[in-house]
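Heads up: the sequence lines are chains V and R, in that order.
Take 290 as the starting number for the first sequence in the working numbering and just add one per residue.
Take 3 as the starting number for the second sequence in the working numbering and just add one per residue.
Just so you know, the hints here were simulated from the structure itself, not pulled from any lab data.
We put the beta carbon where it would ideally sit given N, CA and C, even for glycine.
Be careful, since some hints might not be right.
Claimed, not checked - What follows is a list of derived Cβ distance ranges for each label pair: (1) A104(R) with I540(V): 41 to 51 Å; (2) I300(V) with N297(R): 56 to 66 Å; (3) I300(V) with V29(R): 55 to 65 Å; (4) R183(R) with I300(V): 53 to 63 Å; (5) I540(V) with A25(R): 26 to 36 Å; (6) T71(R) with A432(V): 47 to 57 Å; (7) L574(V) with N297(R): 47 to 57 Å; (8) L384(V) with A296(R): 45 to 55 Å; (9) S355(V) with A63(R): 48 to 58 Å; (10) A105(R) with L308(V): 54 to 64 Å; (11) L308(V) with A296(R): 52 to 62 Å; (12) A105(R) with E515(V): 21 to 31 Å; (13) A238(R) with S355(V): 49 to 59 Å; (14) L536(V) with L18(R): 33 to 43 Å.
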Amino acid sequence: MKRKSAISLIIVVLLVAALGTLAVCGLQIGALKIKPLASGISQGLDLRGGVYAVYQAQDEGQEDFSSLLAGTMAVLSNRLVSQGYTEATVSQQGLDRIRVEIPDVDDPNEILTIIGQPALLQFKDPNGEVIMEGDSISTATAAMYEGKYVVEFSLNSEGTTAFAEATTEFVNQTISIELDGNVISAPTVNTPITTGQGYIEGNMTLEEAQNLAMLIQSGALPLTIEQLEMRTISATLGEDALSTSVLAAIIGVALVMLYMVILYRLPGCMSVLALCIYILIDLFLLAVIPGVQLTLPGIAGIILSIGMAVDANVIIFERIKEEIISGKTVRSSVEAGFKRAFSAILDSNVTTIIAGVVLMIFGTGTIKGFAVTLTIGVIVSMFTAIFVTRYLLRLAVGLDLSSRRLYGVKGGQEA
Amino acid sequence: MKNFSFTKFFKFAIALPIAIVVAAVIVLIACGGFNLGIDFTGGAMMTFAMGQDFDLNVVRAQVEAQGITDAVYATSGSGEDAQAIVRMHDLDDPDRETEIRAAVEEGLQAVYPNAAFLNIDRVGAVAGRELVQNAALSVGIACLLMLCYIWLRFEIHFGVTAVIALVIDVAVMLSMVAILRLQINSSFIAAILTIVGYAINDTIVIFDRIRENRKKYRREKNAKEIADLSVRETLARTINTTVTTLLTIVTLYILGVDSIREFALPIIVGLIAGNFTSIFIAPSLWGIWTDKKANKLALAKRKPSKA
Numbered sequence: 290m291k292r293k294s295a296i297s298l299i300i301v302v303l304l305v306a307a308l309g310t311l312a313v314c315g316l317q318i319g320a321l322k323i324k325p326l327a328s329g330i331s332q333g334l335d336l337r338g339g340v341y342a343v344y345q346a347q348d349e350g351q352e353d354f355s356s357l358l359a360g361t362m363a364v365l366s367n368r369l370v371s372q373g374y375t376e377a378t379v380s381q382q383g384l385d386r387i388r389v390e391i392p393d394v395d396d397p398n399e400i401l402t403i404i405g406q407p408a409l410l411q412f413k414d415p416n417g418e419v420i421m422e423g424d425s426i427s428t429a430t431a432a433m434y435e436g437k438y439v440v441e442f443s444l445n446s447e448g449t450t451a452f453a454e455a456t457t458e459f460v461n462q463t464i465s466i467e468l469d470g471n472v473i474s475a476p477t478v479n480t481p482i483t484t485g486q487g488y489i490e491g492n493m494t495l496e497e498a499q500n501l502a503m504l505i506q507s508g509a510l511p512l513t514i515e516q517l518e519m520r521t522i523s524a525t526l527g528e529d530a531l532s533t534s535v536l537a538a539i540i541g542v543a544l545v546m547l548y549m550v551i552l553y554r555l556p557g558c559m560s561v562l563a564l565c566i567y568i569l570i571d572l573f574l575l576a577v578i579p580g581v582q583l584t585l586p587g588i589a590g591i592i593l594s595i596g597m598a599v600d601a602n603v604i605i606f607e608r609i610k611e612e613i614i615s616g617k618t619v620r621s622s623v624e625a626g627f628k629r630a631f632s633a634i635l636d637s638n639v640t641t642i643i644a645g646v647v648l649m650i651f652g653t654g655t656i657k658g659f660a661v662t663l664t665i666g667v668i669v670s671m672f673t674a675i676f677v678t679r680y681l682l683r684l685a686v687g688l689d690l691s692s693r694r695l696y697g698v699k700g701g702q703e704a
Numbered sequence: 003m004k005n006f007s008f009t010k011f012f013k014f015a016i017a018l019p020i021a022i023v024v025a026a027v028i029v030l031i032a033c034g035g036f037n038l039g040i041d042f043t044g045g046a047m048m049t050f051a052m053g054q055d056f057d058l059n060v061v062r063a064q065v066e067a068q069g070i071t072d073a074v075y076a077t078s079g080s081g082e083d084a085q086a087i088v089r090m091h092d093l094d095d096p097d098r099e100t101e102i103r104a105a106v107e108e109g110l111q112a113v114y115p116n117a118a119f120l121n122i123d124r125v126g127a128v129a130g131r132e133l134v135q136n137a138a139l140s141v142g143i144a145c146l147l148m149l150c151y152i153w154l155r156f157e158i159h160f161g162v163t164a165v166i167a168l169v170i171d172v173a174v175m176l177s178m179v180a181i182l183r184l185q186i187n188s189s190f191i192a193a194i195l196t197i198v199g200y201a202i203n204d205t206i207v208i209f210d211r212i213r214e215n216r217k218k219y220r221r222e223k224n225a226k227e228i229a230d231l232s233v234r235e236t237l238a239r240t241i242n243t244t245v246t247t248l249l250t251i252v253t254l255y256i257l258g259v260d261s262i263r264e265f266a267l268p269i270i271v272g273l274i275a276g277n278f279t280s281i282f283i284a285p286s287l288w289g290i291w292t293d294k295k296a297n298k299l300a301l302a303k304r305k306p307s308k309a
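Pulled out of the complex, with its shape left as it was, chain R reads as follows (with noise of 0.2 Å):
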């Protein structure tokens, strides 16, 4: 490991994200897009507590029976806690909901006894793509603002090159939920902001390294020698902040709720990613990018010399 050549390594590196992403493509167009919460598409979610293991055949006979031909149906729960979730349009019509409701939940107890309605969430259309919309806006703004922070702090070759290691991060995030069929809703989306405030992390401190050793070696060294330093020399931290906040998270995935572990998935996903970028992409593809320009910088200095 000593003098393994991360920058030399960079090439077979960025095929691993980009070979998840395409992955994902696939799977998006086999499966016709992303399996989309209620956060996003708008809609009503009836919840009945069935009270015991049941057939979802009859609840979706009774949903049937009342109109509904669109429901989409699932299970969560067993035994006394089995529940049964129905996902329709939203009727915009609560007087017509009511009524469906409280004859689903009739139909139901004819069958199982200790059936009853439990509890009904609704979202418009509307407030499902503004929350698209803000999320996109937040993540757009936050970047921008740390690539600015960044700038001021570095240069704007760190900036860019940090803020590309997080476009990958959400994007290897994005990927994995579409592979998994995961639904995307706004503990998702909250998931993904954490892991642009969090993964730069990883980056920044690289990245601090690399602007003291470039201080320290500026005559010896080129940019992607001191971006394989600097990664070696940071690594073991690295790996170990990784690992430290990665034991708390999978502690509660693995013990966590429902809606929990759909949080805290994205995020174990979203902290792997962000290291792995920090150590093999951002400080790479600085080395690169910087040794390119200052090649560029002697050559044009070199010609009008020799002319």
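Isolated chain V, as found in the complex (with noise of 0.2 Å):
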């Protein structure tokens, strides 16, 4: 019994030092390769630095408001890929507003003016009535022609039967190509067009043309949409957040299991492992979990999660003090600790839980990223407290070291 428990107990550690390791370091062998844990977790915009705006949808009384809504966003989405910012995020605030974060950004007013505009392009005849729009365009390219730069555009067959039509009504008269209302080019039409190709020239630098030839490309956006707000979060700051408030998380550990070594002994020790086990199981869920973004406020969350973490530990290792000096013996103290110490972590963790569930229901932004590490780590917390630190302590207990004061008890006679 007791030569098993001590086995069980330097493999537990040996497990968790090598797991530590893993977690920390990564590892590769062969093809094999495992990231650090750090890497795999996505890190919000606090931590990175980008820009965030908060788009409102106009006209939410219309038909089919919600498809138009999901087509906006899918939008604001290709305009924000094809301008080469792959990492962005573009996702629905409440019923009707957009949220676009976009990290390692140079100058977030240009690029989300770009993205803003509503992009509605029309062909009109000299009459001033619509030939087209700009879903007829099927590819735009920005194109260096006679030495300007234009876009060059194909048309769906749609499209080139209105263009052919027009054209051919309209020879030698102008045909006016107008983007949001504003003309931006009136060609004279001189032979019938009926190809399907053509080219939209007007004063345009490369970076004009090229994002003109996106927009259409992307299409117009189909629901009018108004900045509410916009964040710019400078990167060096959230470098410098996030390097600080690890260091702090690290330093917090260590003095909450020097805290729990001191008061509690062989049990606190068992709760230092148990802890690392927790820190383990709570950073790799965090890291697998799609959608889980660590904030600023998400870090808070983390540490204050261990601090939670600890409490179970707490309030099982009092039970259990209480029980010695009542008189039962080491092992059934452990086993009546656990048994009682239940309903007080349950009640506790589950109004704690209630709470997190509800932020992150409410919860936009960063305040949504501290309810989710918040939530996943007590239930984490739970799970290591009941289920690991007795495990532990088991194994504690079976290597017969029965000296009450192990328990953290003073005084009294030997058990």
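Reassemble the complex: the two chains are provided individually, in unrelated frames, and hints are given to aid placement.
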């Protein structure tokens, strides 16, 4: 019994140490590559730096509003991706808001202006009648033509027919091309265009031509959107925040561990081990659960949940102390301690989970990040407190180290 | 400490949070309300990296030259990292904004060659109002659900006193923020919500002990005595759990950057308030209330028999 417990305990310690090293350093054996756990957790905007903007969609009353909103979000993402911001996210906030988050931006105003443009492209005949709109264009690219930058386009079959008819009808007259009501180009038709190919000129720089091509390609926004809020976070600030928070977390956890060992001796040591396991599980879940983003309040949430993970252990160990003082053997005190602490742990954690879930549902942005890390943390801490600590403590009891002092009980005779 | 009666001490204990709230009300009246951040008021906030220590009046002169007279100015950092923060009402006109920012940047560079526009934050007033509404709503819903859960697992008296303790915690947090003139923004809201979730833990653990002791001493002790006994029995635990959580959060406050600090400080206040109410307010309130109700019931029972 004693030997078996000792061996099991050593195995657990080694396993935790190995997994811990793996989580911090990562591993590469041949083709098998395990990245460090930290790099698997996606970081929120406040840690990476970048910009976010919240848009209010207009005309909420119209039919199919939700599908139009989804369409608008799709167009926004397309525009962001074609501008090279592949890591940008576009998400719905509330019923009629769109939140755009773009990490690593140089000039937030510029990109937000481009992506927020309605981009309704219209070809109009001399009488002002609409011949076709941007959705008749299948491809658009920036190109150089006679020393000027232009946007070349090719039309789909519907557009080709409409354009052919119009250019036949209005030979030697002007067809105007308007973007959001502004004339950007007004070419005169020399010969009917039946191939479905054309270009838009208009005193553009290369960048402007590329942007226009992108806007045409991505199509018009199905809904008009208005910017409500815009925030920028500098990347260096984010880096500083992350590194100091990580340092604070390490020191904080070390202090908590020290406190536990001083206060509760042998069970304290077991809780340190359990805490290591808890941190590993928590970080692992944060890395693998999709959609979890680490934000500044999120880090605070993790640190807070570490504090709370220890709470459960304190509840149990205090209970065990009481049982020992009441005259029970160490072994039965441990069992009784766990059993009687259970209701307190369950009720106190469930109330916290309730608050966390409410925050997850109603919170936005960083508050949500905080709620997610807190809720995951509390659930994991319940598991480690109830199962892991108990397993470890049973092993410790199995070592036959039954001096009451080892359990933080002062004085009294040895049991 | 062995025979200390928390229920008898209740009169004095309740005076402390009341005094803090009163002090806060005086400060609020004197200073004209909370120090609300851009999250609440809406507006635009431009940050300029100055590259050296600077005189805020130079910045003020540049901004006022652009016809913005109601801006609020602040500095952050020092030396190479010095920044000037200019908060103004929402211009609602991106072109005008770009114009102002370019003009101010240029004007600043004439005095401080390394000055450069860093970033701009813009929040509509609608967004601010909704933030408050959402926060109030979340606190309300969270409290209500927790009340229901406690009711289910304990009794209604426990639920109500636990929620009263929470309300006191939140009031103390708000008061301290008002007294210290800290800025209220979305991090503060997150801090309040954290405490709502966390502070109830300590109370529940004590209530759990009351629940247990009540079964044990139903005949020998009244509710006040049971409350006193339970608080005493769990005192080490209640203090230790708060200490462990404080250890991590205080470390975070000491080492953290500004944005972490403005989140960590209200949490520290809330943790201490939560610990205080869990020990001195919630159990006593429960004991006093339960005994009163028991007395009434006993009286009501006696009366008909007399008649």
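Status of the hints after comparison with the structure:
1. A104(R) with I540(V): 41 to 51 Å: This hint holds: roughly 44 Å between Cβ atoms.
2. I300(V) with N297(R): 56 to 66 Å: With Cβ atoms ~60 Å apart, the hint holds.
3. I300(V) with V29(R): 55 to 65 Å: holds (59 Å)
4. R183(R) with I300(V): 53 to 63 Å: Taking Cβ atoms as reference, R183(R) and I300(V) lie about 56 Å apart, which means the hint holds.
5. I540(V) with A25(R): 26 to 36 Å: holds (34 Å)
6. T71(R) with A432(V): 47 to 57 Å: holds (49 Å)
7. L574(V) with N297(R): 47 to 57 Å: holds (51 Å)
8. L384(V) with A296(R): 45 to 55 Å: Hint holds: Cβ distance 50 Å, inside 45 to 55 Å.
9. S355(V) with A63(R): 48 to 58 Å: At 50 Å between Cβs, range holds.
10. A105(R) with L308(V): 54 to 64 Å: Distance hint for A105(R), L308(V) holds at roughly 57 Å.
11. L308(V) with A296(R): 52 to 62 Å: For A296(R) against L308(V), whose Cβ atoms are near 55 Å apart, the range 52 to 62 Å holds.
12. A105(R) with E515(V): 21 to 31 Å: holds (26 Å)
13. A238(R) with S355(V): 49 to 59 Å: With Cβ atoms ~55 Å apart, the hint holds.
14. L536(V) with L18(R): 33 to 43 Å: Hint holds: Cβ distance 35 Å, inside 33 to 43 Å.
When the structure is compared with the earlier hints, no violation turns up for any of them.
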